[in-house]
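Protein chains in written order, with my numbering: chain A, 32 to 432; chain B, 2 to 245; chain C, 181 to 761.
These are calculated hints, taken from the structure and not from any lab test.
Even glycine gets a Cβ: it sits at the ideal position worked out from N, Cα and C.
Heads up, some of the hints might be wrong.
To be verified - When the alpha-carbon atoms are kept at most 20 Å apart in a straight line, the in silico SDA-like pairs for lysine to any residue are as follows:
id	chain 1	residue 1	chain 2	residue 2
1	A	321	C	652
2	B	168	C	652
3	A	321	C	532
Stated by the list, open to error - Facing chain C, from chain A, some residues (calculated, C-beta under 8 Å):
id	residue
4	112
5	120
6	252
7	282
8	285
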Amino acid sequence: MMRRHRLAALALTGAWAFAAAAPAAVRPWQAVLNAARGQTVYFDAWAGDPRVNAYIAWVGGELAACCAVTLRQVPLADTATAVTQVIAEKAAGENTDGTVDLIWINGPNFYALRHRGLLYGPFAAELPNAVLVNRHDPANRIDFTVPVEGYESPWRKAQLVFIYDSAYVRHPPRSIQAFPAWAKAHPGRFTFPQVQNFLGVAFLEQALYALTPDPSVLQRPVSEANFARVTAPLWAWYDRLRPYLWRHGREFPASGPAERQLLEDGEIDLMPSFNPAEAAADVAAGLLPKTVRTVVLEGGTLGNTSFVAIPYNSPHKAGAMVVANFLLSPQAQARAGSLHGLGGPTVLDLNRLTPAQRAQFAPAAATPWGAAPDALQRSVPEPHPSWAARLVQAWERRYTP
Amino acid sequence: MSGALRLERVTISLATRVLIPPLELSIMPGEVLTLMGPSGSGKSTLLNFLGGTLPGAFRASGRVWIGEREVSALAPQQRRIGILFQDDLLFPHLSVGENLAFGLEASLRTRRARAQRIEAALAEAGLAGFAPRDPATLSGGQRARVALLRLLLAAPEALLLDEPFNKLDAALRAEFRRFVFARAAAAGVPVLMVTHDATDAQAAAGAVLEIVPAPEGASIAPGARRTQAAAPVQSAGATVAEGL
Amino acid sequence: MSGTTLQRGLAPAPAPVAMPFWLRQAPRVTLALFLAPVAAGLLGTVLPAFGYLPAIGGRAVTLAPWRILFRQPGIGTAIGLSLASGLGATALSVLLVFGCCAHWAGRQPGRIGRSVLAPVLAAPHAALAIGLAFLLAPSGWIVRALSPWLTGWRQPPDIATVQDPYGLALTAGLLVKEVPFLLLMTVSALGQLPVARTLEAAAALGYDRASAWVKLILPQVYGQVRLPIYAVLAYALSVVDMSLILGPSNPPTLSVLALQWFTAPDVRMYFPAAAAALLQLAVVLGSIGVLRALELGIGRVGRCWIAAGRRRSRAAPVLRLAAVGVCGLTLLGVLSLVALALWSGAAGWRFPALWPRHWSAAQWIRQIGTVAWPLGTTVGVAAASSLAALLLVLGCLENEQHGAAVPARRSLWLLYLPLLVPQIAFLFGMQVLLTVCRLDGTLIAVIWSHLLFVLPYVFLALADPWRSLDQRYARTALCLGASPRRVFLRIKLPLLLRPVLVAAAVGLAVSIDQYLPTIFAGAGRVVTLTTEAVTLASGGDRRMTGIFGLLQAVIPLGAYCIAIGATAARRFAPQPTEGRS
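Extracted from the complex, chain A is given alone in its bound form (with noise of 0.2 Å):
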């Protein structure tokens, strides 16, 4: 409890370094612009999709010339590097000049440096767009069943859809359940990102969610006592699955990218995918052929809200907030909607729009390629993330060799 203590008090000083005496809740966003202008925003980003690298250097020009404010994004290969370096600067007592100012996390990540008191906030309110926020979408306000409570703000939604190659498969799997029969007919075509990255555990806690026989416990941090009766048909089905598996799951892809060039060199005919409009964007970029297509599960799938946070010795807040703040503008929500930028869902909330503003929005020409958005409707939350962790574990104890 003294520690808890003691970095809230190291989160303050550094907190107000750009604006002394104004307290958060009610400091002009004007001051905040004040302060941003000429800032230089390192943006740590886990990089390895070019198409949002390209997407965040689309924000930063947009950024130099409506506020001079220099965005330069820190690829990253993995986001909890960020965490890493967060901690790092932590223990050598940096509290005010840290080297990271925003960070694209999730889940996790943000439970790791939240509960340790390393994130600068509540900030999310002060954003002027975050009023366009919808909120009746819960996975803008939890993120991973922790609420949010304005220590991060949201930028890009997603939801777990299924990309598969029309020209070898007719019939793709429409539930969980059909996953093992499925696959046994095609032995080896299909496989998800390892376990250890985001996409390879919603998979499995997609799977979780499926099976298990009261998902609600799931909302509910994982506990010893539960764990194995809840996940005990998890198993039972990947043990029917996992034979029939890309490489008889002993190899998994990396990423969800490394998963689509393996789809793309004919290796796999179906892979899960957290954006809807993926295959639509890949067969634009002319990476995936035209006959793939995407099928939402029945009964609705994982959907999952990506944020940026400030840590809290970050030395640029006022810039790391215009940046959040304009991740949120119409415009930059928009552009990250269409094909051109990332393709996928907004956060915002289009009835909170003006009719000029709603209209940037226009559905691009249907494809063949996306997922109908009607299939979209139904999304599910995702568990706590101590189930995420508890699940790797126990999924690496089972099937390490």
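Based on these hints, arrange chains B and C on the given structure of chain A.
Just chains B and C now, kept in the frame of chain A:
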């Protein structure tokens, strides 16, 4: 005009082994003193010491004078002591003329004057027109002569010869020996030559000292194979320090 | 001026050439620049390995991290995998290189060989690994060349030819990269031995060439390449980037496991990560120890074998096999780079098409803007670290020739420490040191961290030529009245221009290859072509990786060409120096 090369109680040792026992000698300008001894006896080491390029593993003491100038505390480039090795050591990346120019005193300023001086030196040595040549295209005898010319153009006040005739065949050897001693005499500088070849010592027509290595420490004695023309040891000014 | 120093009987010889202060300090400065980060780095790993890291709540010294480490699933397999691929790759590289040199001894391997090796030498590990993964994959180039006309496969077979559980693809990747390096080192060491004369003399005694090489040349050359072999061993045992691309993932090798835990979202994994890094260090040091023992044993047996006087051997076909092996590996390396180049311009290239169906410059055009910044950083960091390394190495070597004390010379082996200690074992600790100095995330920090790896290779490349230059050239020049500075600039540097430039090119290549040091010291802020390439490789995008990998390979290659070209254009080629045959 230079003075005599004089060594005062010069000793050199490697670890616990005494290579050169305390040595006193002086060589007058125009004289040649020959130091003989088997290989590994420390002859070349003594020359290194005199030249100022003794490797750090050796320990040495004593003083070296040229005339009234003490050189033993000076850096090698300030001593004006030239060394001729058995290999010509012409700098392979420079032409013959550039090699000579590298040695030629800087006091000669203009490019024209320097070129003339070099060309004259080459002509005297029977190498007229060789200045632009690549040293690698010269014969062994020619290279040896260029090496000596380079040394002399630096206007040394003493010459050290480190078995300079060793690598030449018999015919060239005699010819080059004559060339070297004639040039040295003309320059009027003291010459210290080390060799293990008695005919070299004969040709030098000077005093001879011999290093006798022994397990308990080397000693230096007047050479047994004195040449007829040799001057008495005493007149060459070489004495072996007492007690060794 | 009366020389008072000369009165002290057998005092050390007065330093014949007054060494300038900076020159006298060169080895000390070099070692300080080296040992501080490595020592701090190791300390920063050892403490958490025993539970001490207050920033994340570790305040007591305990063995708990080790218990956790050995309870991790797959830890045994991971250690075995590291050992198998590391030891296998090292042993095979050494055998192939020595076999190949014995096969070609006395014949002229020629410039062709060297110019083919150059791109493979220059290409960074990550880029080569990505290209090689495409060659070897079941959907890769080799299978495509045979499908479907020979194999009948219309879809790639489900066979693990890359990322196989036995680490064979990883071993192959290490071989492709390390064999050219060892070959270069061995060939340059051979250049200092009278190989031709020795073989002639042995032939006159009735020894065939294979026996003569193994019995006479090998014992002489081994001492010279021992250190490069240790460096290969240490590298192969602890490689991260190649292992991510070519090695298995479930479990991966020990070093990758350590990296995964170092970067795990759950920071408590730091403790077992540090323990794993320390274990990695122990694996490397233990392997080097075993190798040293083997050397001694083989040396003893070998003496008897040599003394036995047998003149004929049946080794010739084996040696030819080794030569073929080296050629095959070189071919694999070159093809990997070609495949990368093709991918960078490929639009659609599905199995089983042997060539891309459509070409597109879109990748390149889109990347021109994003490449400029990392390209500039890469070249700047590489140039600065190579130049610094060159100055320090020249300082150390000059200091040595000016009669440096023996202990200073002996301690220079410490320069090789960063090559022998796994990066993962000290980079985190070094990052903490940099943060304390407020240097983390700066270019200086990255240049410094690169220097740790650039300098040893520059030293390796330059020490032998520099030491084997006939010292009498310098002495003659001094006696002609030239100042030491003039001797250095007018005689030594021009005579050794080629090795100096080649050493600089080696430095560039090593700097460009650095991934982990850039990530750690640059705090992720300093973006180079390599960090981009490995990050993209983690995303599996061959097109983008192709672009970055190609650029990565082209810069050092260009530097090599300049080094060779500049010296070839000189008026007089330097003569072989003393001791060369």
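Answer holds if the nearest beta-carbon of chain C is closer than 8 Å to that of residue 252 (chain A); otherwise answer violated.
Since chain C brings no Cβ nearer than about 14 Å to residue 252 (chain A), farther than 8 Å, the hint is violated.
Check the hint pairing residue 321 (chain A) with residue 652 (chain C) against an upper bound of 20 Å on the C-alpha distance.
Answer violated: residue 321 (chain A) to residue 652 (chain C) is near 74 Å, above 20 Å.
Agreement of hint residue 282 (chain A) with chain C interface, Cβ distance less than 8 Å
holds, 5 Å
Is residue 168 (chain B) within 20 Å of residue 652 (chain C), Cα to Cα?
Holds, because 16 Å separates the two Cα atoms, which is no more than 20 Å.
Holds or violated: residue 321 (chain A) with residue 532 (chain C), Cα cutoff 20 Å?
Holds, at roughly 17 Å.
Restraint outcome when residue 120 (chain A) is required to lie within 8 Å of chain C by C-beta distance:
It holds, given that the least Cβ distance between residue 120 (chain A) and chain C is near 6 Å, below 8 Å.
Please verify that hint: residue 285 (chain A), Cβ, nearest Cβ of chain C, below 8 Å or not.
Result: holds, 6 Å to nearest chain C Cβ.
Could you check if residue 112 (chain A) really has its C-beta closer than 8 Å to a C-beta on chain C?
Residue 112 (chain A) check passes; min Cβ-Cβ to chain C is 5 Å, inside 8 Å.
Hint compliance for this structure: hints 1, 6 are broken, all remaining hints hold.
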